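Use the sequences and the hints to build the structure in full.
In the order they appear, the protein sequences are chains A and B.
Numbering that gives the first Met the number 0 puts the first residue of the first sequence at 0, with every later residue one more than the last.
Numbering that gives the first Met the number 0 puts the first residue of the second sequence at 0, with every later residue one more than the last.
Treat each hint with caution, since some may be false.
[Stated by the list, open to error] With a straight-line cut-off of 25 Å between C-alpha atoms, the simulated SDA-like cross-links for lysine to any residue are:
#: 1; chain 1: A; residue 1: LYS258; chain 2: B; residue 2: GLY162
#: 2; chain 1: B; residue 1: LYS131; chain 2: A; residue 2: SER244
#: 3; chain 1: B; residue 1: LYS193; chain 2: A; residue 2: THR162
#: 4; chain 1: A; residue 1: LYS258; chain 2: B; residue 2: ASP175
#: 5; chain 1: A; residue 1: LYS258; chain 2: B; residue 2: TYR109
#: 6; chain 1: A; residue 1: LYS70; chain 2: A; residue 2: LEU138
#: 7; chain 1: B; residue 1: LYS13; chain 2: A; residue 2: ASP118
#: 8; chain 1: A; residue 1: LYS39; chain 2: B; residue 2: LEU97
#: 9; chain 1: A; residue 1: LYS134; chain 2: A; residue 2: PHE187
#: 10; chain 1: B; residue 1: LYS69; chain 2: B; residue 2: GLY20
#: 11; chain 1: A; residue 1: LYS70; chain 2: A; residue 2: ASN35
#: 12; chain 1: B; residue 1: LYS106; chain 2: A; residue 2: ASP44
#: 13; chain 1: B; residue 1: LYS98; chain 2: A; residue 2: PHE187
#: 14; chain 1: A; residue 1: LYS94; chain 2: B; residue 2: ASP147
[To be verified] Not everything, but these chain A residues come out facing chain B in the computed CB check (under 8 Å):
#: 15; residue: ILE106
#: 16; residue: VAL151
#: 17; residue: PHE179
#: 18; residue: GLY343
Since the hints were made in silico from the structure, they are not lab data.
Here the structure is a predicted model, which means the values were calculated and not measured.
Just so you know, even glycine gets a beta-carbon here, dropped at the ideal spot from N, CA and C.
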Amino acid sequence: MKEVYISSDNIICSLGFNTKEVFENLKKNISGVQLNSDRKYSPSDVPLSLINETAFAKECENCKIDHSFTKLEKLLIISISEAINKSAIDLSSPKTLFIVSTTKGNIDLLGKNEEVINDQLYLWETAATIQKYFKNPNLPIVVSNACISGVVAIVNGMRFLQTDKYENIVICGGDIMTEFVISGFQSFKAISPTICRPFDNSRDGISLGEGAGTIILTSNIQNLNEESKVKVIGGAVSNDANHISGPSRTGDGLHYSIKKSIEEAQIKESDIDHILAHGTATPYNDEMEAKAFALANLLEVPTNSLKGFFGHTLGAAGIIESIIGVHSLKENVMINTFGFENLGVTENLNVINKLTYKPINTILKTASGFGGCNASVIFTKET
Amino acid sequence: MILTEISKYCIIRKNTLVLNGVELLSDETNLPFSDFIKTIYKSQEINYPKFFKMDSLSKLAFVASEILLKNTAISENYNTDEIGVIIENRASSLSTDLKYQKSFEDKTNYFPNPSLFVYTLPNIMIGEICIKNNFKGENGLFVFEKFDPQFIEDYVSMLFKIGRINACITGWVDFDDLAKEEPIFEAALFLIEKQRNNEVSANSIIFDNQNLNNIYFNKK
Numbered sequence: 000m001k002e003v004y005i006s007s008d009n010i011i012c013s014l015g016f017n018t019k020e021v022f023e024n025l026k027k028n029i030s031g032v033q034l035n036s037d038r039k040y041s042p043s044d045v046p047l048s049l050i051n052e053t054a055f056a057k058e059c060e061n062c063k064i065d066h067s068f069t070k071l072e073k074l075l076i077i078s079i080s081e082a083i084n085k086s087a088i089d090l091s092s093p094k095t096l097f098i099v100s101t102t103k104g105n106i107d108l109l110g111k112n113e114e115v116i117n118d119q120l121y122l123w124e125t126a127a128t129i130q131k132y133f134k135n136p137n138l139p140i141v142v143s144n145a146c147i148s149g150v151v152a153i154v155n156g157m158r159f160l161q162t163d164k165y166e167n168i169v170i171c172g173g174d175i176m177t178e179f180v181i182s183g184f185q186s187f188k189a190i191s192p193t194i195c196r197p198f199d200n201s202r203d204g205i206s207l208g209e210g211a212g213t214i215i216l217t218s219n220i221q222n223l224n225e226e227s228k229v230k231v232i233g234g235a236v237s238n239d240a241n242h243i244s245g246p247s248r249t250g251d252g253l254h255y256s257i258k259k260s261i262e263e264a265q266i267k268e269s270d271i272d273h274i275l276a277h278g279t280a281t282p283y284n285d286e287m288e289a290k291a292f293a294l295a296n297l298l299e300v301p302t303n304s305l306k307g308f309f310g311h312t313l314g315a316a317g318i319i320e321s322i323i324g325v326h327s328l329k330e331n332v333m334i335n336t337f338g339f340e341n342l343g344v345t346e347n348l349n350v351i352n353k354l355t356y357k358p359i360n361t362i363l364k365t366a367s368g369f370g371g372c373n374a375s376v377i378f379t380k381e382t
Numbered sequence: 000m001i002l003t004e005i006s007k008y009c010i011i012r013k014n015t016l017v018l019n020g021v022e023l024l025s026d027e028t029n030l031p032f033s034d035f036i037k038t039i040y041k042s043q044e045i046n047y048p049k050f051f052k053m054d055s056l057s058k059l060a061f062v063a064s065e066i067l068l069k070n071t072a073i074s075e076n077y078n079t080d081e082i083g084v085i086i087e088n089r090a091s092s093l094s095t096d097l098k099y100q101k102s103f104e105d106k107t108n109y110f111p112n113p114s115l116f117v118y119t120l121p122n123i124m125i126g127e128i129c130i131k132n133n134f135k136g137e138n139g140l141f142v143f144e145k146f147d148p149q150f151i152e153d154y155v156s157m158l159f160k161i162g163r164i165n166a167c168i169t170g171w172v173d174f175d176d177l178a179k180e181e182p183i184f185e186a187a188l189f190l191i192e193k194q195r196n197n198e199v200s201a202n203s204i205i206f207d208n209q210n211l212n213n214i215y216f217n218k219k
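This is how it looks when you write it as structure tokens:
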């Protein structure tokens, strides 16, 4: 199997416009989730994690992005541009492939003008816009697998690098805040009235966020900066085959995915030093995850959910949270679970409740979503 | 090298249902989609009450998968976690997205419906197929402008190669009624399996992009 390295990355969310800024805010235990009373989002007040509009406008100006692009497209362009600045990779090379992860794309355009159906609503069109902007010659891949999309995109990036077609994969993901998504989760009574509290015994639902993230993978070691030596070594996708909108009661689907990732990575469970869970803070999801980690013999591994910091960013979540994991590896520090106080799942999960400095070499990132889908990916540090 | 074959295929398009090249149903009355899909459901003796709760995209994918898997021993021959479902589509879930949009747009008639909202994700159709058949293996929903047989060959072959799957339901399922009065819909699902004893038999169809393409465009 070819080695797959992370060349560079970027995060855009309520906590900043680059990974460093966001990571520093996490270490300071700052959450970007705030109660919002803007009626364009919801008829009632709802806590949201939103990208700062003034800073966003400034970033657009800096990157010289004109108004023909939608908000999501601008976010993806800024995110990729920032990531590529730190990398030696040629985006216009036929050896470079773009993978776009999104659940709802430009859904904010829907209903704005009922007479005209905008091509920009189609996800392949969004991906083509990004591909053309960066003058890449390859047909981009769009992954739209609900909340696991970001992790699936990384797993697929690793897989495509095993073929000889590509040398570099640009994985970008994003979703923006819309009344569409908020009303949907509200209709499920799944949104917490406060900042969400993953794995806590008082957890009562998710917090939604918007964001974008980019991870650039390469199989060519010459495309790496001196410091970047984190590899993607295994990943898998699975289904619960249980319910379209409710997680499995047993956690076996997520467990399958973790087991296969570990097998592919050729490591043992005990090699995993840290887990970045999905941890949406809904009662059933977190319970399911705890059961899956128990089945996988991973209960003792320090585990967090980052949803309390920047909410659930849907198609960006798996990418943004993986990037945080990668930087935890680089800095040997594990981020705490914002909002967590008392364990509220039936398994004795080791939830991280304070910033923890400790040498870590291998991490697991998991995600689960509507449609019963689960995904996991393993990163390791080359020592 | 792993030899894989297209062991079955099912195509549903406007007014027609084809299984392994044989037309099972031809509708000359030009039924609207909702009636046409119900006609297939009944004529193929499918009995699954959850079908009636699905959105159009899931109904289309589900019915095609049922016809594809009928009289096969997939669940007996393979472990539940070694069966994959990998689907491509064009319009993701936009048809249901538009219906859902209308449920909250009008504030005098504000009623976002959770059972509609869940179908605003295109991978739900994969979930429906997995739930019905207890498939727990690899899932993937990829959006392309048009049917991309090369991607299917590359991706599904890779999953076989790394030993992640031993059987796969794959293909194209699309439903789009945004632009036109009449929906554009199409399902082309293929069952991919390893060849018996890893040998090419005389009547097997090798799983590659050329054969996927020929079947999709109905070329001999």
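Do the hints match the structure? See the list:
Between A:LYS258 and B:GLY162, the direct Cα distance comes to roughly 14 Å. Compliance with the 25 Å bound is thereby established for this hinted pair. Between B:LYS131 and A:SER244, the direct Cα distance comes to roughly 15 Å. Compliance with the 25 Å bound is thereby established for this hinted pair. Among the hinted pairs, B:LYS193 with A:THR162 is consistent with the structure: their alpha-carbon atoms are about 20 Å apart, no more than 25 Å. For the suggested pair A:LYS258 and B:ASP175, the alpha carbons sit about 38 Å apart, so the restraint of at most 25 Å is broken.
Distance hint between A:LYS258 and B:TYR109 is unfulfilled; the C-alpha atoms sit about 44 Å from each other, more than 25 Å. With a C-alpha separation of about 22 Å, the suggested pairing of A:LYS70 with A:LEU138 holds against the 25 Å cut-off. With a CA separation close to 23 Å, the supplied pair B:LYS13 and A:ASP118 stays within the 25 Å bound. Note on A:LYS39 and B:LEU97: the hinted pairing holds, with a Cα-Cα distance of about 18 Å set against a maximum of 25 Å.
This hinted pair does not check out: A:LYS134 and A:PHE187 have alpha carbons roughly 41 Å apart, beyond 25 Å. A hinted pair counts as satisfied when its Cα atoms are at most 25 Å apart, and B:LYS69 with B:GLY20 qualifies at roughly 16 Å. The straight-line distance between the Cα atoms of A:LYS70 and A:ASN35 is roughly 19 Å, inside the 25 Å bound, and the hint therefore holds. With a CA separation close to 16 Å, the supplied pair B:LYS106 and A:ASP44 stays within the 25 Å bound.
Between the alpha carbons of B:LYS98 and A:PHE187 the distance comes to roughly 17 Å, so the proposed pair stays at or under 25 Å and holds. The hinted pair formed by A:LYS94 and B:ASP147 meets the criterion: a straight-line CA distance of about 19 Å does not exceed 25 Å. Taken as an interface hint, A:ILE106 checks out: its beta carbon lies about 6 Å from the nearest beta carbon of chain B, inside 8 Å. Restraint check, A:VAL151 versus chain B: the minimum CB separation of about 7 Å is within 8 Å; hint holds.
Below 8 Å, beta-carbon pairs count as interface contacts, and A:PHE179 has one with chain B at about 6 Å; its hint therefore holds. Residue-level restraint check for A:GLY343 is violated (minimum Cβ-Cβ distance to chain B is 24 Å; threshold 8 Å).
Against the hints set out earlier in the document, violations occur for numbers 4, 5, 9, 18.
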